[in-house]
Structure formats: C-alpha cells, structure tokens
Amino acid sequence: MSEIPSRDLEIFTRALELTVPERSAFLGQACHGDASLRQRIEALLATHHRLGDFLEQPPAEIARGRPGATVSEGPGDLIGRYKLLQQIGEGGCGVVYMAEQEEPVRRRVALKIIKPGMDTRSVIARFEAERQALALMDHPNIAKVFDAGSTESGRPYFVMELVRGIKITEYCDRERLSTEQRLALFMQVCHAVQHAHQKGIIHRDIKPSNILVTAALEGAPLPVVIDFGIAKATTSVQLTDKTFFTAFEMLIGTPAYMSPEQAEFASVDVDTRTDIYSLGVLLYELLTGSTPFDSRRLLKAGLDEIRRVIRDEEPLRPSTRLLRMADGDLTSIAQCRRSEPPKLVRAVAGDLDWIAMKALEKDRTRRYETANGLALDIRRFLAHETITARPPSRIYRFKKLIRRNRLLFVGLGLLALLLVAGLVAVSAALAREQQARQVADRALQSAKADQIKAETEATRSRHVTQFLEEMLQGVGPSVARGDDTKMLRRILDRTAETISDQLSGQPDVEAQLRGLIGRLYVEIGHFDIAESMHTAQVAIYRKSVPIRESDLASALFDLSVAYWKKRKLAEAEGVLDESLAIRRRVFGPEHPTVAATLNHLGAVYRRQRRLEESEKLTREGLAIRVRLFGHEHLEVADSLRNLAIVLVDRGQRGEGEAAAREMLAIRRRFLGHDHPLVAAALTDLAWVVGTANGSEEVEALETEAFGIQRRLLGDLHPDVARSAYLLGERMRSHGNLVEAHAVLGAVVSIQRHLLGEGHPDVLATLRGLALTLESQGQWVEAEKVHREALAQWRQRASLDDPHYRAEEESLARVLSMQRRYDEASAFLDATLTPAVLDQPYCVGLLDQRIDLRGRLGRLQEAVRDAALALRHRPEDDWRYSVLAALQAITGDTAGYEDTCQRYFARFGTTRDAFVADRLAKVCLLRPNSGPAVAALDGLADLALAGVAKHDHAQPYFQLCKAISQFRLGRDAEALSLASKVLESSRTFTHGQACAIAAMAHWRLGDREAARVMLARGESLAPPTLPQRDGDDPDRAWLAWIFSRICLEEAALLISP
Amino acid sequence: MSDATLLMGAVDRGEPEAAEQLLDLVYAELRGLAASKMARDVPGQTLQPTALVHEAWLRLIGDRHPKFKNRAHFFRAAAEAMRHILIDRARRKRTQRHGGGYERVDWDDLEVVVDASDDRLLALDEALEKFVREHPVQADLVKLRYFAGMTNEEVADALDISVSTAKNYWTFSRTWLLNELERG
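Chains A and B, in that order, give the protein sequences. Residue 902 in the numbering used here is what sits at position 902 of the first sequence, and the numbering runs on without skipping anything. Residue 114 in the numbering used here is what sits at position 114 of the second sequence, and the numbering runs on without skipping anything.
This is chain B alone, in the form it adopts within the complex (with noise of 0.2 angstroms):
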C-alpha cells in the first residue's frame, strides 16, 4: 500500500501498521522534495519547513479532497516527518561541531541562513517528549503548528476543537514549554 490517501483512511480506520507507513511516506516525500528543489531552484530562494510540508501534500494528495479528519492524519504525520528530520539534522551537526566525523548526508547541503540554533531545537524537543507525557492532545497540537505550520484554524480542524480552545491550548503550550526550558 503506497497510495497516501488508501493509507489515511487506513490510519482512519484504525490498521496497525498504516500510521507507520504513512510516516515513511510522507519523510521520503519531504526529503525527496527539498532535494530535488535544491536541484532546480534558483540560488538564494528560501523554503520553510512548513511550505514543504505543504507542496508534499499537494504532490500526494493532488486535488483530491479527502475527509478532514483524513487530512489531519496527514498532517499529523508529515509533522512528524518534519521534526525528524530537523531534529536529525540538528543532532548530526552537534556531532559535527564536536569532532564527530564528517558524514556526507544529502540534508547537508542545505544550510541553514537564519539559524534556529540546533541546541534550542534539541532542547525543544527533549521538552516536546515531556509535554507529550503530561499533555498528549496540547503536545499533538504544538507539532501540528510549529512543524507542519498549520493556523489555528485548521488545527482545530484536525483535532476536533473549537478556534478558541486551539488559541488557549497553544498559550498554554508555548508557556509551558518556555517555562520548561528555562527551569533547563
């Protein structure tokens, strides 16, 4: 089963194993897609994380309208998509930064211009693995948001919540995760 929205309804539905497949599928499409831009873009053109995820979808997807809810599937999972591999790429570069060897990835050749700092992203993260554990449903919403870029609007949309509850979850999220890394 290839086909990305056989595969959400799948997710839907239930099966195992789709959610999984889902994931591969989305991370291959991303960094299939970030690569071959790389390959075909004039020099200097900046992309967010966020505008990948969403010319994924349309390259999966297409013009095919699925369920929301299908279409939250998705979403969830190219979030998760996206922050393996940021956080991938951030861990390889500390590795790098600390003597590590020099491991030629084809993510490498991006380079980041504005940088994030790859330790605040790691630490984001490590808080993001606590916040899951205390608060799935704000957790789920954070990476909706900030990974996949998704607005308020269609995060309440994928997770079932009304636009203010989506707007108080993420207040209480974003204070809670500041206030998670710097009690560091």
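Same shape as in the complex, but just chain A (with noise of 0.2 angstroms):
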C-alpha cells in the first residue's frame, strides 16, 4: 500500500458496510466530536445513495465524422432562395439553420440539411410525392413544411416554418410543470397528430427534439410538432445498401422512440399507430423523466440487441421505473414535477400506467386506435372518470407467458401427464437398475449395498425432483406474475391423486414429490393438502433406512408451515423442536437452516405469546444469519420482520419499527417492487407503524401492499384477503362506515370460502364487519354476524382465548342496546358459569353483568358480581369505587366501611385528580367511613387542583370538595361550591349537589331554600331509578346511587 489511507475515506469506507441505523453511533464514536470531520462524512453518505452509475460509463464515446462534412454549408451562403443566418439545431439526421427567404415572401424559416449518405433524388421525389398532402396540414400545433431541394454539395433540405422553442421534456423540466400540467401540453400533441393522421400523414419520428414548446398567446405555452413529412422522405425504402450505417447512425439519436415494428427493419409496414407507440413514450417520458427502455443501454447494445428489446421486451409500468430509481434521483424528478416521491407515484400509479402501457403495447390492434383516443383517455383520467386502457385481461396476459416461455407451456394443459408419465418412467427405470445392481451387488456386503442403493436412488430422485421443480415453479404464482394459480391447482390436484398409485415402490422419490407439492399449496394456499403431503412425507422419511435425517429435518419445517398456517401452533413447535435438534447435530449452530428453524419457532412463541422467548430466539437466528450472510440479505430481512414484530408486542416501538423499515428496504433492494415478500413487508412495516400512531404512511403502505398482492395472486388469496381485511379495519376507524362494511363483508366471504369456518383470519373479519355495524347503529345485523362468529369460536377446541370473551361481550353489548336486557341477562349468566367466573378474563363480561343489573336495578346482585370483578381485578382503583357505593345503597354498612378502609389503605397517597377525587368521594358518601375526614379532605384539594390540567373535570372536583367541607362542617363553603355544581351543565353530579346544598342551608338557617333544594334533588334522583335506553357509558345508575344516598341523609336531616 503505497499511501495511509486519509481518515475521511477510512471511516467512510467503515459506515458503508453498516447498516444505516447502525451508522450514527459508530459515526459518533469514529469522529470523536470533530464536528466537521462528521459533517463532510454524513455529506459523502448523503450523496453515496444518489451515487447511480456516476463516472461508471466512459466519457464520452467518439464517433467519426462524415466525409462531407468538410465542404459544408455554413452561415451566409445562399441554398436556393434560402440564405442561411446562423446554425440553431443539429439531430441525428441532419443541421439546422435558421435562414432568410427573400421571394415571394420576406420571411425567416428554418432549413435543414440532411446530413449525406442518402439518394438524393430519392429523398426529394417521395417527399414530393407527399407535398400535397403536407399542404393540406393546418394546425397550430404542427409546423408546416414549405419546401424541399437539393444543396451544389448534392444534399437534401427542407424548409420549414420557423419555431422559436425548447424541446417539450427540456421546457417541462424548465418550468417544473405538475404532472397534470404535462399532460395538458401532451393531450395538444396528440391533438396535432391526429390532425396529421386525417390528412393522411404519418410521422415516423415523433420524439421530443421533435415538438418544441414556444410561448405564444399570453405565455401559454404552446407545443408544436416538426418535421413532419421528412423522416418518411428520409428513411426505409429510400435507403440504398451502401447508406445501412447511416440508418443505424439515424436511429442511434431515437431508437428509444422507435416502434417495435420500425424495428423490423425489412418491414416498411409502418402506420398511423407507430406515431402513437411514440407518443406512448413520450408520455412515459413526461411522467417519469425517462424512456421505457434506457437509450444509453440500447445504444451500446448495438443492432440485434436494440430490434430484440423493442420487440420482445416489456417495459416496466412508469410508477414501477419511478420506484426502481435510486432515492435522489427519484426526488428530483419529483420536485420537477412539483411534487414529493410518494405523492408522485401514487398520481402515476394505476390509470396513467395503464394508458402509457396501452400506447406502448408490441401488437399495434392493441394500441389506441387515433391519437385522438389517447388524449380522450388523458381527459378522463384528468376528470377522475373510468379509462377505457384496462390492465390487460389475465387470459391475455397468461397468453403472453406462453408466448414469452414457448418451450416450458408445450401442452401445459397436458403437464399433469406428463408429470406422472415421466414419473412412471423413472420408477420403472429406477427398478431395472436396481435389480441389476441387485444381482451384481450379490458378492458384496449387503450394508454396502443398501448404502449404494440410497445414494443412487437419492441422485436420480434429485434429478426428477430438480426438473419437476423447476417445471412447476414456472408457473408458481411468484414467477407466473399475476397469472391464474387455478392452473397450478389443477396440476397439482392431479399430481397429488396419482402419486401413491404411481410411486408406492419409491419412498424416496415419492417423499420429494410429495413435499414440493406441499411446498407449492401453501404457495397458492391450500393448507389442509399441504398438510397431509408434508405429513407423508415425514411418515415416509421416518421409516426410511438408513434414516436420512437431514431430508427428515426439511419435511418437519415443511409440515411446521402448513402447522402454522393453519394455526395449530402447538403441532408446529413440536415438529419444529425437532427439526431444530437434528439440524444442530447434523450442521452445528451455526448453518442456514437451524437460523431458519430458530426464526420460525420464534413466531410460533410470539403467537404463543411467550414474547420473551420468542425475542431470544429470533435474535439468536438474526444473529447466526448476519454472521453467515452479512446484513444485505433476504434470510436477514426475513429474521428482522420477526424480530419487529416481537419487539412490537413487547412495546418497543421505535426499535421494532426501525427493523421494520431495515427489512423492507432489503427486500425492495433484492425483488424489485412487484413481489409478494415486498408486498407483505408493506403490510407488516405499516402494522408496526400503526400500533404507535394511524398516521397516513398506513394507509399508503397498506393499499400499495394490496395493490401488488392482487396483481401478484389474484383475489382469491389468503393474504390478498388479510390486506383487505386491514384496509377494511382501516377505512372503519376513519370513520368511512360504508366502505369498510362493503370490504369487509366481502372480504369474509372470501376468507371463508379460502380458509374455512372457524379460520382465525375469519373470525377477526367478522369481528371488524360486527363493530362497523355497531357504528353504523344497525344492531340487529351486527347481532347475527356477532352470534355467528360465536358459533365460529365454539367449533375450536380452545376458548381460553381473550378474543372469544371480547365477541360474547360484544354480543351481551348488542343485545343491551336493542333494550332486550332479559336476553342479555339471560346469555351473561349462561356463559358466566362457576368455572368461568373462576378465571380472570371473565372480568369483561362481569363489567357488562354489574352495568346491566345496576341499570335494572338489581343492585343485590350487581354487589356480587362487583365484589367478585373487584377481586379478580384489585389494581382498578374505579371497581372499590362501585363495589362501596352499591354496598352503601343495599345497607351492607359493614361491607361499605370495609370496602372504604381498604380502598384508601392502597390509593390514600395516589397523586392523580381523579382517584383522589373518586376515592373521597365515596368515603365521604357516609359521615363516617372509617378513613379520617381531614384525610379525604386533603384528597379533594388533590383532585381540585386537577383542574388545571382538566378543566372539563371542574364540576366533580368542585363536588367532591363541596362533600368534604360539609362534612367539615364548613357550610358557608359548601354551599358556595354546590352552587357553582349546580351552574354547570354536568346533570349527574345535580342530584347530588342539591342534596348537600340542602343539607348546608339547613344548618346554616334557611330552611326555606334547604326544602326548595331537596324537592329539586328529589326530582332529579327520584326514589326508583328512571329508565335510559341505550348505551349508558357514564353509568347513570351509579350517579343515581351516589344522589339518592345523599339525598336520604338530607331528608333525614331536613324536617318538614
């Protein structure tokens, strides 16, 4: 090493092979404080993502110059009644000069030379051939051709209308028009072509340095198209063999603008729709800045390889391009656009892909028809209204897979056959060589042999295996992109019948299969056949001797993913102990598969929700596959989505959510956009984001996931119906009711008919359908799909689980709303059964039994259920609270004091206003409730002061003071503070406000005022307690309990 490395390249060099978040600490540690060091090092990382393939390509590449162009024309010489000025453009095909002509007319015009190499009079006479109908054009937006000759040099020129413009991409860029803006200047593009077409004109070369935008009326801008009529004149059949170089030097300035039937170069079948191919790329060009298929790549590819792109080569959609950019490049096209990333995307995303890609179609009937179609289908995406340009029809599309891959759909309809033929085949050339090498095995050790035979039978099973894979993965969903997996089914289907019949005499063969089967329905999401497969195969490779364990180890992480989707968790962690235990003896700790094996049964815990577990075991794979792999890595990504997921449940958020954003950026770095590991990273990172706080990043990631998992699998798909499940979830917190009832009824049918009764995905579809109903207020629905889902659960073998109490709750909730309180009594005290009531959970349904018995009336037994909840749940400082109260109205006074004395033994030194408040308040229910009065006093201090903070508060707090000065024997103050009770609009506390306000006056002498105000407080809590319908979320019950307790003191107090 000739020089010490300079420490700015040192640390640089260091923080690239970190992963982003990892960057800062090691920056802060390496820079030690030297803040500009730091600086110049986060600027040079800054700019390493915009990095591309800057310097990569050569400076420049030189080209020679034509023999010609040393006896050129050159301002001030005269062509024909033309005198050039000066030089203003030059193209591919030529120069241009704005000239003067002196007769008939005075006037400036633009003359461009073709540059030589062609026949002259070849040129001149097709154009004149075409002169009229050139004449006959007469649109603003086209520049007319006046006249064409030839130079002494002997080259062809062309006069034109002068344009004093910019190119139509340069101008865009320039004034930073929006994305609508563009489309605005295309849509008169289009107009003047198809003015051009009617008149029987086709322009072959349409391309930005082609239609140049002036300011003309007002600073409107306005694009003008040029040159039509001359690149027909220059090009095709006027070309004579000599001039083949010169026609590929005249594409070299366009050959990204250039139609796939221009590219056939024998074909001069050139129409009206090539003009709109191109301006199907100028439009992908305004959109995303760049054209379909790079025209530096296809500059350096040369001939062939240029025709084949154009031809054969699908472009991606523009939202797709614009997301595959690097982050810097992708910005500033944005902000040329005036707009941001994401926004820009999403505004090209869907129907303005859809029409460039209908414009850029290989088969010209599948193009527009007219230009005139295509600025139709702009207007229309501009008025919000449906575009005629669709995602091509799957059948198209499979269509164009079997065309693209010609040799693997020979009969794919017949693969099925052919896969059990060439089966039956192997087994039976597999027999013959086994009992010949059976006979020549004779004189050897019979061990030998058998070791002999496995290893043979393995290679050849391999081979199959390998073929079949490969036959089948090619129309697996991840590489078929968006085509029918019905077809897969079948295949499968059929396989999956003739597989034992055929292969009963090869375990071996037989297991292999049956496990890429079972691999391939989960795929496409049959879990129950995959199951049974991975079962066989596991059964198959048990009895195998000798025991191949390694293969053994697959098939049981195999038949743990069926487990698992199917959510038989224990099943899953069982096979996935011991799978994990022979891939440790047979590789050691640190291979692939035991990293693999340890991510999984981290999942399995987190659902099992030993979280702690879970996070230990999905780091410890991290770790081994970062040592392994290093941290650019799929394996990486996918332990870090775990690992999010986990951190996620165990409340760090920002930890989770970084790993989240880590393993997404992996993944898009590795599958590009449209793929379905994408997809679900999508989906998960906007959980994670989610959890911490709805913010509008959700929604994007969540319908950018669905969008690419239906392109990708199709409707009916588990996880296309999870996706939609969460957009209907989210569309129902929004508040947008309708729309989330529409999907997620949908979506349930989807689901169930997918994944079966019972099915967890399906009971939380149900479950959100339920709640929007709830919302909607239409009960009786959101009753029938309550009791369905119940009857869903009952199917299980476990109820033991918190989303079950919370459906029956729900139902119990419904069923009090539709004032149907016999029936909702009736179900809460069938499902609170001695057992249940035994268990913690039961809490929830016991609140809704206390609310639904206290409403009734039944306090008795509402102070059980109070007790019991009280006893299940003693951190609840609200439930002693209830339990007191009703105690106190039922004249349990011993249990109400012991209530009480505990009550403030564990929250007398609570800090916050409202259990200050609540706890004095209902000691202070009583003159004498054990605790000390001065105590309770201090208390309701504690909670005024809460006002502060919670001014809505003020007339309880103000209540609860009112009690203990009275109890105080301040009445002056308590009466003032029951007055000001009275003045706010908080009807509950009323009742009880006039009680101690009574009670006050008395003492203080107006005997008058203390009976007008306990008749008032008698009218507000009447003896019985009034009836509400509906929903009673302040619990009007209880605050009629407080009332009429007070309210019975001041009777007691006051004589008549």
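If you are wondering where the hints come from, they were derived from the structure by calculation, not from laboratory data. Quick caveat: nothing in here was measured; it's all calculated off a predicted structure. Built from N, CA and C at the ideal position, the CB exists for glycine as well.
Which residues of chain B face chain A? A partial, calculated answer using Cβ under 10 angstroms: (1) E134; (2) Q138; (3) N168; (4) F172; (5) S173; (6) W176; (7) L177; (8) L178.
Below are the EDC-like pairs computed for lysine to aspartate or glutamate, each with C-alpha atoms no more than 20 angstroms apart in a straight line: (9) B:K167 with A:E17; (10) A:K362 with A:D271; (11) A:K980 with A:D1006; (12) B:K167 with A:E632; (13) B:K167 with A:D8; (14) A:K565 with A:D761; (15) A:K199 with A:D271; (16) B:K130 with A:D8; (17) A:K616 with A:E655; (18) B:K167 with A:D53; (19) B:K143 with A:D53; (20) B:K167 with A:E56; (21) B:K167 with A:E10; (22) B:K143 with A:E56.
Using the hints, put the two standalone chains together into the complex.
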C-alpha cells in the first residue's frame, strides 16, 4: 500500500459496511467530537445514495465525422432562395439553420440540411409525392413544411416554419410543470398528430426534439410538432445498401422512440399506430423522466439487441420505473413535477400506468386506435372518469406468458399427464437398475449395497424433482406474476392424486415429490392438502433406512409451515423442536437451516404469547444469519421482520419500526417492486407504524401492498384477503363505515371459502364487520354477525382466548343496546358459569352484567358481581368505588366501611386527580366510613388542583370538595361550591349537589331554601331509578346511587 | 529517446524528463490514431476513448511484456493524455458556442454522438484538480479508471493495492467527486 488512507476515506468506507441505523453510533464514536469531519462523512454518505452509475460510463463516445462535413454549408451561404443565417440545431439526421427567404415573401424559416449518405433524388421525389398532403395540414400545433431541394453539394434539404422553442421535455422540467400540466401539453400534441393522421400523414419520428414548446399567446405554452413528412422522405425505402450504417446512425438519436414495427428493418409496413407508440414513449418520459428503454443501454447494445429489446421486452410500468429509481433521482424527478416521491408514484400508478402501457403495446392492434383516443383517455383521467385502458385481462396475460416461454408451455394443459408419465418412466428405470444392481451386488456386503442403493436413488430422485420443480415453479405465482393459480391448482391436484399409486415402490421419489407439492400448495394457500402432503412425507422419511436426517428435518420444517398456516401452534412447535435438534446435530449451531428454524420457532412462541422467549430465539437466528450472510440478505430481512413484530408486541415500538424499515429496504433492493414478499413487508411495516400512531403512511403502505398482491395473486388468496381486511379496518377506524362494511363483507366470504370456518382470519374479519355494523347502529345485523362468530369460535377446541370473550361481551352489549335486557341477562348468566367466574378474563363479562343489573335496579346481585370483579382486578381503583357505593345503597354498612378502608389503604397516597376524586367521594358518602375526613379533604384538594389540567372535570372536583367541606362543618364553603356545581351543565352531579346544598342551607338556618333544594334533588334523582334507553357509558345508575344516598341523608336532616 | 518501452523504464528509474516525454509520445499517438481511424473506418462506427488507449498500447508496446509497474506508467500517461484531449475539446467547443472564433482542428471532425455534456466534463475536471490535492492516490485511480478505461483489477495492479481496496477507493472517489459537483 503506497499511502495511509485518509481518515475520511477510512471512516466512510467502514460506515458503508454498516446498516443505516448502525451508522450514527459508529460515526459518533469514530469522529469523536470532530464536528466538521462528521459533517463531511455524512454529506458523503448522503451523496452515496444518489451515486447511480456516476463515472462508470466512459467520458464520451467518439464517432467519425462524415466526409461531407469538410464541404458543409455554413452561415452566409445561399441555398436555393434561402440565405443561411445561423445554425440553430443539430440532430441525428441533419443540421438546422435559421435562414432568410427573400421571395415571394420575406420571412425567416428553418432550413434543415440532411446529412450525407442518402440518395438525394429519391428523398426529394418521395417528399414531392407527399407534398400535397403536407400542404393540407393546417394546425396551430404543427410546423408547416414549405419546400425541399438539394444543396450544391448534393444534399437534400427541407424548409420549414421557424419555431423558436425548446424541446418539450426540457421545457417541462425547466418550468417545473406538474403532472397535470404535462398531460395538458401532451394532449395538444396528440391532437396535432391526430390532425396529421386525418390528412394521411404519418410522422414516424415523434420524439422530444421534434416537439418544441414556445410561449405563444399570453405566455400559454404552445407545443409545436416539427419535421412532419421528413422522416418518411428520408427513411426506409430510400436507403440503399451502402447506407445501412447511416440508417443505424439515424436511429442512434432515437431508438428509444422507435416502435416495434419500425425496429423490423425488413418491414416497411408502418402506419399511424407507429406514431401512437412514439406518443406513448413521450408520455412515459414526461411522467417518469426516462424512456421505457434506457437509450444509453440501447446504444451500447448494437443493432440486433436494439431490435430484440424493442420487439420483445416489456417495459416497466411508469410507476414501477419511478420506484426503481435511486432515492435522489426520484426526488429530483418529483421536484421537477412539483411533487414528492410517494405522491408522484401514487399519481402515476394505476390509470396513467395503463394509459402509457396501452400506447406502448407491442402488438399495434392493442394500442389506442387514434391519437385522439389516447388524448381522450387522458382527459378522462384528469376528470376522474373511468379510462378505457385497462389492465390486460388474465387470459391475455396468460397467452403472453405462454408466448414468452414457449418451450415450457408446450401443452401446459398436459403437464400433469407428462409429470405422471415421467414419474412412471423414471420409476420403472430405477426399478430395473436396482434389480441389475442387486444381482451385481450380491457379492458385496449387504450394508454397503444398501448404501449404494440409497445413494443412487437419492441422486436420481434429486434429478427428477429438480426437473419437476423447475416445471412447476415455472407456473408458480411468484414467477407467473399475476397469472391464474387455478391452472397450477389443477396440475397439483392431478399429480397429488396419482402419487401413491404410481410411486409406491419409490419412497424417496415419492417423499420429495410430496414435499414439493406441499410447498406449492402452501404457496397457493391450500393448507389442508399441504399438511397431509408433508405428514406423509415425514412418515416416509421416518421409515427410511438408513435414516436420512437432514431430509427428515426439512420435511418437519415444511410440515411446521402448514401447521403454522392453520394456526395449529402446539403441533408446529413440536415438529420445529425436532427439526431444530436434528439440524443442530447434523450441521452444527451456525447453519442457515438452524437460523431458519430458530426464526420460525420464535414466530410460533410469539403467537403463543411467550414473547420473551420469542425475542431471544429471533435474535439468535438473526445473529447467525448476519454472521453467515452479512447485513444485506433476504434471510436477514426475514429475521428482521419477526424481530420487528415481537419487539412491537413487547412495547419497544421504535426499535421495531427501525427493524421493519430495514427489512423492507432489503427486500426492495433484492426483489424489485412487484413481489409478494415486498407486499408482505409493506403490510408488516404498516402494522408496526400503525401501532404507534394512525399516520397517513399506514394507509399508503397498505394500499400499495394490497395493489401488489392483487396483481400477483388475484383476489382469491388468503394474503390478499388479509390485506383487504386491514384496509377495511382502517376505513372503519376513519369512520368510512359504508366502505368498511362493503370491504369486510366481501373479505369474509372470500376467507370462508379459502380458509374454512373458524379460521382466525375469518373470526377477525367477522369481528371487524360486526363492529362496523354497531357503529352504523345496525344492531340487528351486528347481533347476527356476533352470533355467527361465536358459533364458529365454539367449534374450536380451546376457548381460552381473550378474543372469544370480547366477542361474548360484544353480543351482550348489542342485546342491551336493543333494550333486550332479559336476553342479555340470560346470555350473561349462561356464559358466566362458576368455572368461567374463576378465570380473570371473565371481568369484561362481569362488567357487562354489573352494568346491566345496575341499570335494571337489581342492586343486590350487582354487589356480588362487583365484589368478584374487584377480587380479579384489585388494581383498578374505580372498582372499589362501584362496590362501596353498591354496598352503601343496599344497606351493607359494614361491607361499605370495609371497602372504604381497603380503598383508602391502597390508594390514599395517589397523586392522580381522578383517583383522589373517586376515593374521597365514595368515602365521604356516609358521615363515618373509616378514613379521617381531614385526609379525605386533602384528597379533595388534590382533585381540585387537577382542574388546571382537566378543566372539563371541574364540576366533579368541585362537588368532591363541597362534600368534604360539608363533612368538616364548613357549611358556607360547601354551599358556595355546590351552587357552582349546579351552574354547570354536568347534570349527573346535580342530584348530589342539591342534597349537599340543601343540608348546608339547613344548617345555616335557611330552612325554606333547604326544602326547595331537597325537592329539586328529589325530582332529579327519584327514589326509583329512571330507565334510560340505549348505551350508558356514563353509568347514570351509579350517579343515581350517589345522589340517592346523599338525598336520603338530607331528608332525615330536614324535617318537613 | 522515443521508444515507449525505454521511456517507461526511465520513468520507473525516476528520470525527471521521462514522464513528460512519455506523455507527449502517448498523446501524439492517441491523436494520430484517432485521425487515421477517422479517415479509414466505415462511417457510423463509434470509438471509445478507452478503446483508443488500448489500441495505442498495442501499437507502442506491441507484444512485448513490460513489467507491470511500467505498464502502470504507460496507462497513467495515457489517462492524462486522454484527459487533456477531452478537456481541450470541451473547452474549444464551449468557446465556439459562446461566439468564439472558429478554429479548424483535426479533433473537431470528431463528433460526439452521445453528448457527455462538455460543461459537465469541465466541471468534473475542476473537481478532480481539487481532489488531487486532498487525495492524490485516489485521484490517480480515477484517472486510470475513467480516462484510460482500466478495470478494478488493472487499477489495483497499477497502483499496487488490493482489488477490494481499489473498489473502496473507487466508491469513495466517485462519492467525493459527485458531492463536490453537486455543491457546485
């Protein structure tokens, strides 16, 4: 090494090796306090993102100048009637001058001299042939062509209307036109091209440099298409053999805009739809800043490759192209459109994608038929109407897939038969070989023979399954990208049926094939068959001699995936434990398969709510993977995903979110945009972000994921359904109830069909649907759905699930809401069996029943429930208050005092205003509850001080203080506070305030006022509880109890 | 002394004039080579500067196999020469564009089909000047890679560093230069 690398270089290089989250800590340490060093490195790291292929391309490509160049015309020269003034442009096919015409009118024109290499006479003849048609064109967006001729040096030239403008793409970027403004300009171009087409003129060379934008009327930009008629005169048939290179050269400027049929040099069959294609390229470039195919790549590729790409390669959709850009590029593209990256992508994705892709169809019959049609669709888009361009139908895409993979798809419909036939043939061959071998092997030791036999079989079957795997994966969803999974399903079903018959003598082949088919079933979401396939596979391996442990471990792992998908967690855990033990023994502790098993087991633990163990295993798997593969690896991303989720579960949201973002970044880098794993990553990140706050990002992420999945998997897939469910839930939480109803209703029927009744996904969606109905006030419907969900829950083995209890609570609530109190009671009584009452999770149900009994005035029963609920949840302070109040009103004075003592003992030192308020109020309800009144008065002060923070609660806190003052004999203060309470709008407090005010008046000697106040209190809280309809979130019956107790005390005090 | 092989040996021994003479020699060779190609070759064929450098190598050195150190001297000279040529050309074109006199130079017969943007090239050269002062070795590497078209492996050889170090240098240098250009 000739130099000690500078600190900048060293720190920068080491920082690059770290993941983004790790860098900050590293920089802090490496730069220790050197702020300018750190700033330099951070600037470099930021630039590094945008590096792209900067400097990777050679500085320039140098082409040979034409021999004619030395005798070229220049400013001052006279050409025909035109005097050249100055050069104003230069393109692939010629040099353009501003020239002056003297006769018949004096005017400035543009004069284009075609580069040498053409048969001039032919060019001019060709132009003359079209001259009349050209003269018919009269459109503000078209530059007229006036004349053509040949120069003294024999080169053809054209004379055109002079347009002072700049390339449309350059104009749009310079003016930072928004996407809508660009589309408006583009529509004008379409109309111009349409006009020409109607006059029978095809342009053939539409590209940005032929569309100049000038600021015409009042600064409104006017795009003008130039060079009409020139391309036709100068291309195709005019070219002699000698000039083939020139033809290529002419292409050089614009291969990116060339239509597939133009790329066929043999063909002269070019029509108006060629221009539609080029317009499509222009639209693409206006939207994304780049052409569908990279010009530089095309240029480097050579003629044949250019043709191949243009004819056969599907361009990326514009929105996908944007997403694939480096962050910096995308940002600057978005800035040029007065937008931000995610917004721009969203604007382009969907309709504009399809419009551009329709114009760019390889098969011209599928393009827009006219330029107007294209413009019309853009207008529809701008007006938010339905466009005519639609995603290609499945059948069409499937046909294209077949065309691209002709070999693979020779008789795809017969593939199942081929598979089976192939297997039979292989089995027969294997059997013959084994027989022959057995003869030969007789001399050998039998153990050795067995081993050789096993090895042979293994090799053979590996070949077979490899072949099959390639065939089947060829139609697997990740590869077929959006094509019908039904076809795959049919093939798999037929293959699965025939396996045991045909392969009974070949356990090894059978096992491998079952494994393969099982995995594919998982991929298309049919878990039952997958489970049976893997179970059979495991059984075969267990019986095999000698036992092949690594295969057994893989089969166990695959089986665990099927179990996992069906949420059979205990079973999944069992087989994973076994798989892990085998793999550790066979491969050692540091092995990819060990890491994978750990990761999976961690996920199972998480589902079982064993969160600490889950995090530990997940981190262990992640560490192994990072050591084996480095940070940038898809398997590392898998581990990061599970880690993110378990961290969120454990309440470490920030760390979880960082892991989830890293996971998404890795997957995007490796898999591009349209991939199921990227969709899954988006969903996961949405969940992680969503648990922290309901930000806008969540909905964007979910919508993106949903779009990808639908494209890839179709609607009938569990993953798609789950994403749709999340979207529906999002709509519900945003209050879009009608949409949420529609989405969740559709999802539930799809999930039922795919996953079967009782699947957790079905239950979750049913719940979302029922809650949506509740929010809409459709109680009858909501009840139906809750009941249905409960019925499905009951088919499951274990009901020890909080979600199940939540469902029961909901049903009780929905019944109450319909004033069907008896039914609600009966339901709760039936549900709350002694066994259930023993369980802590019964508290939610108990609360429902306390509420119900409270409002029905069945207070004795309510006391029992309240006591039980308090026993389960002594940490909830308000439960003491409810119990003590109920005890007081039912005459259980000893019980009331006991509850107050315990309440004060546990919460007497609280600093929380509300806790203090509740505690003081209930203990002051009777003159002597136990705790010292002075202490309770202190709590009332604490509550009153809380007004500063919770001003809405002021009447409650004032009431509390009024009572404590009254109990301390400070009647004037009590009266003043109670009067304030009575001025507030919190009517729940009024009954009790009246009672206190009445007693204070009495003791102050104002007997009349006391009686009036008492009467007012009695009318607010009459001796029997008034029935209230509907929901009772404020527990009016509880306020009534407080009022009654005080009013009864007042009635005793105040003699009539 | 005109033989490239001899000159390379002299550069290696540290003879003061030799490096400059080698540069002149390579410069002349590159220009001549380009001009003759222009006269002879089929129209439309594109030439890359890097291809020219490698052809110059074949013509000047032929099938002799100099020490790799000497090879490095040659390519350093070639990179420098090519840089001069390209920068001169860009400057001239800019002068013309801004109304400067029209001076017929043989290089003007060459036309850049894919415009690398002369201004950008000139700006890059300015940034490179600054980079040379702060990171001379890495700047050498940039010239060899960018102007002489050497691969990572060749550059590593020429500078006597490992390939992975060469890659790290290259990434750092590109980042540094882009950062400098963007700061304008």
